[in-house]
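For the record, the sequence lines run as chains A and B.
Sequential numbering of the first sequence, starting at 0, is according to numbering that gives the first Met the number 0.
Sequential numbering of the second sequence, starting at 0, is according to numbering that gives the first Met the number 0.
Since the hints were made in silico from the structure, they are not lab data.
Don't take every hint at face value.
Now the in silico label distances, taken between C-beta atoms and shown as ranges [said to hold, decoys possible]: (1) A:Thr51 / B:Gly99: 29 to 37 angstroms; (2) A:Glu186 / B:Val117: 19 to 27 angstroms; (3) A:Gly84 / B:Gly83: 33 to 41 angstroms; (4) A:Ala104 / B:Asn20: 29 to 37 angstroms.
Subject to a maximum C-alpha distance of 25 angstroms in a straight line, what follows is the list of computed DSS-like cross-link-like pairs (lysine-lysine) [what the hints assert, rightly or not]: (5) B:Lys120 / B:Lys130; (6) A:Lys155 / B:Lys14; (7) B:Lys100 / A:Lys130.
Note that the Cβ used here is the ideal one computed from N, Cα and C, for glycine as well.
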Amino acid sequence: MSQNHDHHHHHDHDHSELSETELRVRALETILTEKGYVEPAALDAIIQAYETKIGPHNGARVVAKAWTDPAFKQALLEDGSKAIGTLGHVSRVGDHLVVVENTPARHNMVVCTLCSCYPWEMLGLPPVWYKAAPYRSRAVKDPRGVLADFGVGLPKDMEIRVWDSTAETRFLVLPMRPEGTEGWSEEQLAELVTRDSMIGTGFPSKPGAPS
Amino acid sequence: MNGVHDMGGMDGFGKVEPEPNEPMFHEEWESRVLAMVRAMGAAGAFNIDTSRFYRETLPPHVYLSSSYYKKWFLGLEEMLIEKGYLSREEVAAGHAMQPGKALKHGKFDLANVERVMVRGKFARPAPAPAKFKIGDRVRAKNIHPTTHTRLPRYVRGHVGVVELNHGCHVFPDSAAMELGENPQWLYTVVFDGNDLWGADGDPTLKVSIDAFEPYLDPA
Numbered sequence: 000m001s002q003n004h005d006h007h008h009h010h011d012h013d014h015s016e017l018s019e020t021e022l023r024v025r026a027l028e029t030i031l032t033e034k035g036y037v038e039p040a041a042l043d044a045i046i047q048a049y050e051t052k053i054g055p056h057n058g059a060r061v062v063a064k065a066w067t068d069p070a071f072k073q074a075l076l077e078d079g080s081k082a083i084g085t086l087g088h089v090s091r092v093g094d095h096l097v098v099v100e101n102t103p104a105r106h107n108m109v110v111c112t113l114c115s116c117y118p119w120e121m122l123g124l125p126p127v128w129y130k131a132a133p134y135r136s137r138a139v140k141d142p143r144g145v146l147a148d149f150g151v152g153l154p155k156d157m158e159i160r161v162w163d164s165t166a167e168t169r170f171l172v173l174p175m176r177p178e179g180t181e182g183w184s185e186e187q188l189a190e191l192v193t194r195d196s197m198i199g200t201g202f203p204s205k206p207g208a209p210s
Numbered sequence: 000m001n002g003v004h005d006m007g008g009m010d011g012f013g014k015v016e017p018e019p020n021e022p023m024f025h026e027e028w029e030s031r032v033l034a035m036v037r038a039m040g041a042a043g044a045f046n047i048d049t050s051r052f053y054r055e056t057l058p059p060h061v062y063l064s065s066s067y068y069k070k071w072f073l074g075l076e077e078m079l080i081e082k083g084y085l086s087r088e089e090v091a092a093g094h095a096m097q098p099g100k101a102l103k104h105g106k107f108d109l110a111n112v113e114r115v116m117v118r119g120k121f122a123r124p125a126p127a128p129a130k131f132k133i134g135d136r137v138r139a140k141n142i143h144p145t146t147h148t149r150l151p152r153y154v155r156g157h158v159g160v161v162e163l164n165h166g167c168h169v170f171p172d173s174a175a176m177e178l179g180e181n182p183q184w185l186y187t188v189v190f191d192g193n194d195l196w197g198a199d200g201d202p203t204l205k206v207s208i209d210a211f212e213p214y215l216d217p218a
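From just these sequences and the hints, can you work out the full model?
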């Protein structure tokens, strides 16, 4: 990890690679601020929004609503962005969200082989593994092997569909509703919806299991 | 470009390592990099395709050995230098030495934060009728542009079926090079796993990409 791509910067062996990066990042922010491009408080506000407002809870609410409201589910599968746009509490989604439904015959999984495309507004920032080479390289060729890394097994004859997110379209998996949740409220159901179940690398939690 | 970023189907990168309860950021500087990229993009210094192109043109050994936000940082710094928003001397000094260059949308301040949190819109009016319809068989072109493209290598030359039509969108191959938005029809094209990976591939697998019309020929 000691390779350094820009040649003007002299590597200081007294620092770890990480602390050197930290210094360089701070220097860049100083320059951008001094040149009048950005206001540091505005950067703070972006970070705070990701830390507090945007995350997988948005996606979980959408999934739970789809599980309890057949008309919403139909609208969601027809036009994800439009359907989510009707929910006041989840309104940051753009105009290209496609919701794909898991069924007993088909399991969906989402990857971005070229970079890290991910439905941020629904799921927050992607986890490290989603952006890393093992997942990006293998998901389209050996998805069952990847699922095994997550401890997930699928029936042998179940179709597996991998969606490579290569444009600005974003994909959200609608997992199957867990059995034993008859009569549950949307709020209760949302608690079972995991981030990974909406990427397709996991399932919702089972009722009664520790989340 | 045929860079190391185009990873679909490559072997040898090892197991996926899920991290239970991973933090949103592993280091504080990662959050600053994320915010700077969002802010400078929203201020009009670059578009999303250009920023991806700068990341994928990092030397392969740097790309592969840098953490995710390190790649973002290196791409951002180089892009801002090449576009004249800052100089190598300033980067070396860690301070501004000349006045800033005008930004298309002005300084990124608190009033702009809400705008950046809403996802951008990439749909554009159609300049021409769509060439393909849902159900059509199409072949991904065998093209190898040295500049930015969103056609991954593993589908090139293969035949798939048009499954969804997303309308016309900004064409990344043009936008990344700052040659205009050049809107193109965008389709989801689904490929059979055995076509992509041969007889040893998973027979239950189907893989789709989102393909712009210029990537496709009738099949």
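Hint check results:
1. A:Thr51 / B:Gly99: 29 to 37 angstroms: holds, 31 angstroms
2. A:Glu186 / B:Val117: 19 to 27 angstroms: The hint (19 to 27 angstroms, Cβ to Cβ) holds, given that A:Glu186 and B:Val117 are roughly 26 angstroms apart.
3. A:Gly84 / B:Gly83: 33 to 41 angstroms: holds, 39 angstroms
4. A:Ala104 / B:Asn20: 29 to 37 angstroms: holds, 33 angstroms
5. B:Lys120 / B:Lys130: holds, 23 angstroms
6. A:Lys155 / B:Lys14: holds, 21 angstroms
7. B:Lys100 / A:Lys130: At roughly 33 angstroms apart (the allowed maximum being 25 angstroms), A:Lys130 and B:Lys100 break the hint.
Violated hint for the displayed structure: number 7, the only one.
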